[in-house]
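With chain A held as given, fit chain B onto it using these hints.
Protein chains: 2
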Amino acid sequence: MSLKLGNLLDNLTGKRLKTEEIAQEKFNVFWGLPIMSSDAISSVAYAGEEILWKLIPIIGILSYNYMLYVSLCIVFLMFMLTFSYRQTIDAYPEGGGSYIVAKDNFGRNTGLVAGASLIIDYILTVAVSASASTAAITSAVPALLSHKVAITLILIIFLVIGNLRGIRESSKLFGVPTYLFIFSILFMILWGIIKVHFGGYVPKPVYNVPAVSGEVTWFLLLNAFAAGCTALTGIEAVSNGVPSFKEPSQKHAKTVLLLLSLIVLMVFGGISYLATLYHAVPNSKVTVVAQISHQIFGGNIMFYVIQCTTAIILIMASNTAFTGLPLLLAFIAKDGYAPRQFTKRGKRLSYSNGIIVLGVLSSILVIIFKGDTHFLLPLYAVGVFISFTLSQFGMFTRWIRNKGRGWKYRAVINGVGGLLTFITTIIIGVTRFKHGAWIVFILIPALVYIMLKINEHYRKVAKQLKLSVDEMPKKVNFSEQKRYVIVPIDTLNKSFLKALNYARTISKNIIIFHVSIDGESTNKLLKKWDEYDIDIPIVVKKSSYRSVIGPLVKFIESEEYYAGPEDTVTVVIPQFVITKWWGNILHNQTALLIKTILLKRRNIAIVTIPYIIDEC
Amino acid sequence: MSLKLGNLLDNLTGKRLKTEEIAQEKFNVFWGLPIMSSDAISSVAYAGEEILWKLIPIIGILSYNYMLYVSLCIVFLMFMLTFSYRQTIDAYPEGGGSYIVAKDNFGRNTGLVAGASLIIDYILTVAVSASASTAAITSAVPALLSHKVAITLILIIFLVIGNLRGIRESSKLFGVPTYLFIFSILFMILWGIIKVHFGGYVPKPVYNVPAVSGEVTWFLLLNAFAAGCTALTGIEAVSNGVPSFKEPSQKHAKTVLLLLSLIVLMVFGGISYLATLYHAVPNSKVTVVAQISHQIFGGNIMFYVIQCTTAIILIMASNTAFTGLPLLLAFIAKDGYAPRQFTKRGKRLSYSNGIIVLGVLSSILVIIFKGDTHFLLPLYAVGVFISFTLSQFGMFTRWIRNKGRGWKYRAVINGVGGLLTFITTIIIGVTRFKHGAWIVFILIPALVYIMLKINEHYRKVAKQLKLSVDEMPKKVNFSEQKRYVIVPIDTLNKSFLKALNYARTISKNIIIFHVSIDGESTNKLLKKWDEYDIDIPIVVKKSSYRSVIGPLVKFIESEEYYAGPEDTVTVVIPQFVITKWWGNILHNQTALLIKTILLKRRNIAIVTIPYIIDEC
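Line order of the protein sequences matches chains A and B.
Take the numbering used here: the final residue in the first sequence is number 632, and no numbers are missing along the way.
Take the numbering used here: the final residue in the second sequence is number 632, and no numbers are missing along the way.
Treat the hints with care, since some could be wrong.
[What the hints assert, rightly or not] Pair by pair, the computed Cβ-Cβ distance ranges are:
hint, chain 1, residue 1, chain 2, residue 2, range
1, B, Lys350, A, Ile383, 54 to 62 Å
2, B, Val556, A, Ile455, 26 to 34 Å
3, B, Lys469, A, Ser563, 24 to 32 Å
[Claimed, not checked] Quick list of in silico lysine-lysine cross-link-like pairs, DSS-like style, CA-CA up to 27 Å:
hint, chain 1, residue 1, chain 2, residue 2
4, B, Lys350, B, Lys363
5, A, Lys482, B, Lys558
6, A, Lys596, B, Lys558
7, A, Lys558, B, Lys34
8, B, Lys469, B, Lys360
9, B, Lys524, B, Lys510
10, A, Lys510, A, Lys557
11, A, Lys543, B, Lys34
12, B, Lys524, A, Lys540
13, A, Lys558, B, Lys386
14, A, Lys386, B, Lys164
15, A, Lys482, A, Lys360
16, A, Lys616, A, Lys469
17, A, Lys557, B, Lys363
18, B, Lys301, B, Lys220
I should point out that these hints are in silico values taken from the structure, not numbers from a laboratory.
Glycine residues also receive a C-beta, built at the ideal position from the N, C-alpha and C atoms.
With the rest of the complex left out, here is chain A (with noise of 0.2 Å):
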């Protein structure tokens, strides 16, 4: 039976791959442009939404006209970004992701910030995204509504089992959607456009909207600015991924992210432009896009195929977490700020364990807030912009330092750019503190105070460990030492046997060791000890509170046996080995115990025996 699940499980995972098969697919324009950007791309999906959830509450109608300002502003802000990271592009042919950059020009601190923030960001890029994709889906088919938390769990578990198999040997196939997604959406727009205008078709409001209840506040708009940044996520993506593209490949990287914007810019704006056109009100049944393409397609195949476009990006945009998230627990492991374990690749080659940790982590923030986008929002923007800002001023510092040609024009861009998000950053913070961005600012310190404690760990072990030069190893000669060999007996029978022939090879002090638990199998050892007639001396401890352990320990640690603080005491164990996994249910595991607590003692050598039974 475990056999066979071992075997579901290779299915699932794939064959292993030797270390030499690690194959980077390098891609040009054409394809990099989607592979990178559906993360950014995807966005649009919930950003237009978020800034009307914001407004239409209060100002109702009215919402509409100021959508496009808010969008407007976004739009600027995205193209500052660009700009700033084409610089990054130039600076960092390797990638250089917020962790790195800020490393490099502000110090270990600031780097494990941005290292917190990205792990915050990317954790919520795969729980948003995949919940956003599910809201696609139950948009189109109501009947699913109900199921959407569970939905949106199947998600993940295919996105960590796909990555568990390295899902980026297909990635070209990665592209096909993202086009897919960007031309229906163009054409739902065009078509939206034409229709109203050209025409003559008149926007019937499917849910009412509100009446206006409150005024256009200074701290509406930036509320509604602060909710449409998520538009912005994923934009550093090609930044982190300038080696994955053809030679010349920072070129190309820069291509694609001006690309990038030019596609956020249409769609974002396009559907903002629609959703003021045909009067979406969002909420927490039907997602705006499903809204507006409903309106314009009616039930036809369009209005199927937008929903469906619309789930895969997210899907991908997921994806892009699952592959950036266990290459930066990599890195900051490799630097000994987080588990080691983050290090090693799986028989795939995939960072396994990192994987496997988003996958988990990602859904319990699913669970938590029930697969809600809108909910799970106001968490997310806060740790991409501070990572941003840290990112952008890092470069700032940068050019200030390291001078080179055109270095202040290049400073202003950086400095601007950090500025914008800064000021950002701080808007977000202000404006969502209370609906979960606190939680990201309690987040980020603790993480951070977790890696540096890491650290620590493992610079203090590393130095219990390390050797000097004068430490040579000692000539010990074989036998030199006086050694005692202690082997615990239970029952005198093969596995006590075995282990006892396999003292005696090794000393010729050998000690057995009872502990006798109750008097009558005491005294049936003892008869049978006496009739197979053993020259080794056997000690027998009463135990009244029912240890084994106890007694060894104290025996081991007694005047009685104690051969000075040098001497390395070796405890042969005997261990029968049940070769049926559910057999070792059946059997008190005593040997187990004993090697545990004796782990802990130093001078100490614990020498397992197994005896191995079959069949049982």
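Leaving out everything else, chain B in the frame of chain A:
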């Protein structure tokens, strides 16, 4: 933190006790009665209600006539059982549980059937009684109704903790609430009768009695009878517990059994009569007992006293299972039919494993059946009556076989008892089959099969471990064998050096073995190896699939190394041990993995050399 957790657990479960401290408190009739009978007496809290559940939906108001007849049959059956069990007490002064009686007289397999029924019974006793206790509480405080599963689970957790502590020490205290229950219920019965017959009170039904919708059929009455038989559960407890009585223990036990029956007669009969008088209608919110006592006492203090004592006696009924099942499992485990762990006494001398298993399984039942007594009861009585039947027929066979004074008369009593319980088993099985009894008919054979498999396993293991007399231990001399010692190396550090130094003391033939996962670290290692000028060969194997253990096992099995099938390979594994518990999360547990896999090989000795790393 782990330390504090340990302290907390210690406080919860009390300080450890010496084996000699097993103190069996012995009871006279006055204390033995309430302590042994809480299970049986408490059953009346739900038995009458169960009869009405069957009758009322079909024959409405007529139920109250038939209820009395059904109750009379049950009382008759009880007295037959009482006389049968008094004979068991005579025959088994050491305690005659069904498992022992059946095994003794019919042999192993029948004993196991009785054992399996008893195991199921005990688990159900806890689930049913704890749920019924909660029902008594929620009937008095309806606000708690929506938390009934949680309340039941909390009660079970308290029982588990209490029994791990060894609750028996204060067991005389346990007699008090039983007497309180008996007296308050008898008072209620008396008062209820007076109120109607002498006070001229005309009971007004609180709930509507459903209209008559069917006929009075035999099947219906048998159904009601089967449902009411739950009143008899727990009656066998006295015969199990003979050794707990003061001398002359058998006489005391027999007196207690008779008194118990008389009390059940009064209480069960009285409640049945009151139910007909006050026209109680069973429902899932307020118990029948609560309905009656509320009508009799209004909302005054006596109503709460009744609910409170009912709740307490039901908890004590659950508690009997917590002493019964672990003891039974210890018996079965000593015979080799259950995992050996059940024979181990915990630090407080209670059979901890049995207690925990019972707590977990009954909690699962409570969760599955949503804490509703009414859904659990159909499973309950079958097992009880199967064990009654086996025990009675066992006694019958015993008399036939052993003869002895008055054996014919005694054989008739047990024979009739067996026949009646057998018929009742069939009635219960048939009428309640589709309501859940079928589960028991699957579980009993399944459990018996598992127990037989466990026994087969233990016998096979014992056979393979057993020494024959001619297998005298070989007089292998120290260092006589040609012995190879392999020391795996990852980094040249203090931990490795300690292992190497130990290896030198046990053999001259040492091989250092390195698995190369990336070339860079291997080169670093080899360079350092040269620097330290160690006079031992180092073997380097490349691992394409990044596994450390694969190449090691392959090497041990290869020509290159192979030293004959009789040779024992010693693998000395350096393992650094972090003293803080969370430290181990931060390290790849390679040493552990290697040990686990090597353990499954023959002719191997695994030596672990711990290297303690402090304060990390």
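Do the hints match the structure? See the list:
About 46 Å separates the C-beta atoms of lysine 350 of chain B and isoleucine 383 of chain A, a value inconsistent with the hinted range of 54 to 62 Å. For valine 556 of chain B paired with isoleucine 455 of chain A, a C-beta distance near 49 Å fails the hint of 26 to 34 Å. Judged by the Cβ atoms, the range 24 to 32 Å given for lysine 469 of chain B and serine 563 of chain A holds: they are separated by roughly 30 Å. Proposed proximity of lysine 350 of chain B and lysine 363 of chain B is supported: the alpha carbons are some 19 Å apart, at most 27 Å.
Taken as a hint, the lysine 482 of chain A and lysine 558 of chain B pair is honoured in the structure, with Cα atoms around 25 Å apart against an allowance of 27 Å. Taking the CA atoms of lysine 596 of chain A and lysine 558 of chain B, the gap is about 31 Å. The hint is violated against a cut of 27 Å. Distance check on the hinted pair: lysine 558 of chain A and lysine 34 of chain B sit about 11 Å apart at the alpha-carbon level, within 27 Å; holds. A distance of roughly 21 Å separates the Cα atoms of lysine 469 of chain B and lysine 360 of chain B; the hinted pair therefore holds under the 27 Å criterion.
For the hint linking lysine 524 of chain B to lysine 510 of chain B, the alpha-carbon distance of about 21 Å falls within 27 Å, and the restraint holds. A distance of roughly 23 Å separates the Cα atoms of lysine 510 of chain A and lysine 557 of chain A; the hinted pair therefore holds under the 27 Å criterion. Proximity of lysine 543 of chain A to lysine 34 of chain B is assessed by CA-CA distance (about 26 Å); at most 27 Å being required, the pair is judged to hold. Only pairs whose Cα atoms come within 27 Å are accepted, and lysine 524 of chain B paired with lysine 540 of chain A is rejected, the gap being roughly 40 Å.
Among the hinted pairs, lysine 558 of chain A with lysine 386 of chain B is inconsistent with the structure: their alpha-carbon atoms are about 48 Å apart, more than 27 Å. Of the supplied pair hints, the one linking lysine 386 of chain A and lysine 164 of chain B holds, its CA atoms being roughly 26 Å apart against a limit of 27 Å. A hinted pair counts as satisfied when its Cα atoms are at most 27 Å apart, and lysine 482 of chain A with lysine 360 of chain A qualifies at roughly 23 Å. With a C-alpha separation of about 23 Å, the suggested pairing of lysine 616 of chain A with lysine 469 of chain A holds against the 27 Å cut-off.
In summary, the hint linking lysine 557 of chain A to lysine 363 of chain B is supported, as the alpha carbons are separated by about 18 Å, within the 27 Å threshold. The hinted pair formed by lysine 301 of chain B and lysine 220 of chain B meets the criterion: a straight-line CA distance of about 19 Å does not exceed 27 Å.
Hints 1, 2, 6, 12, 13 from the earlier list are contradicted by this structure; the remaining hints agree with it.
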